[in-house]
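Colleague: Sequence:
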Amino acid sequence: MLVIVFGLLLVMASLWPMVNPTSTAVFAAFYQAGALVFGGGHVVLPLLQESVVTTGWLSETDFLAGYGAAQAIPGPMFAFSAYLGALVAPTSGQIGIALIALLGMFLPGFLLVSAVLPVWQRLHRLAALRAVSGVNAAVVGILAAAWYNPVLLHGLHSVSDGLIALCAFALLRLKKLPVLAVVGLCVALRIGVTVMAG
Numbered sequence: 001m002l003v004i005v006f007g008l009l010l011v012m013a014s015l016w017p018m019v020n021p022t023s024t025a026v027f028a029a030f031y032q033a034g035a036l037v038f039g040g041g042h043v044v045l046p047l048l049q050e051s052v053v054t055t056g057w058l059s060e061t062d063f064l065a066g067y068g069a070a071q072a073i074p075g076p077m078f079a080f081s082a083y084l085g086a087l088v089a090p091t092s093g094q095i096g097i098a099l100i101a102l103l104g105m106f107l108p109g110f111l112l113v114s115a116v117l118p119v120w121q122r123l124h125r126l127a128a129l130r131a132v133s134g135v136n137a138a139v140v141g142i143l144a145a146a147w148y149n150p151v152l153l154h155g156l157h158s159v160s161d162g163l164i165a166l167c168a169f170a171l172l173r174l175k176k177l178p179v180l181a182v183v184g185l186c187v188a189l190r191i192g193v194t195v196m197a198g
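In the working numbering, the protein residues as written are 1 to 198.
Zero decoy hints are in this set.
Each pair of labels, with its calculated beta carbon distance range: (1) 157 / 115: 43 to 53 Å; (2) 117 / 196: 54 to 64 Å; (3) 11 / 196: 51 to 61 Å; (4) 91 / 184: 24 to 34 Å; (5) 175 / 11: 46 to 56 Å.
Hints were generated in silico from the structure; no laboratory data involved.
Every residue, glycine too, gets a C-beta built ideally from N, C-alpha and C.
With the hints as constraints, model all of the structure from the sequences given.
Modeller: The structure is reproduced here in structure tokens:
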């Protein structure tokens, strides 16, 4: 039954017009993104970009700012949907639309897990379903695409941005500095570069 609910909601969400960020349109956009995610939260980035930036609900700059903030704080990447929901909402309903976006993002996973969990052992034994593990390879490609667009294409505007990003990566991987310290350092470096250039 839950699989049927999942499928019906996905069909309705796919058919819903995405002209204005009404509460139903926001739910539909985020439900679609949440339903089509396999392998991890970062896979949702191109789907969310398509839902909120391509439709004109949000600018690329605001989208990337939220993505950057989501990387700096602990917690699931899907929480990024609440930020996006709040930004696309009319000024009077930001909390409500943020909650609707969050619900739309998380509901598909809850429906599928609740539907499949009781029969998982039987499904796991089927050879045809073992092929689903090949989806992980596709996820790597989607992650690479998400890194390229929007992060690389729209997040790095100059050579100094690229150098700051490389510096941050080295500090995180080699020195194992806390994420918030690296974020603070990156902000300070970017401000310094802007002041020197201006």
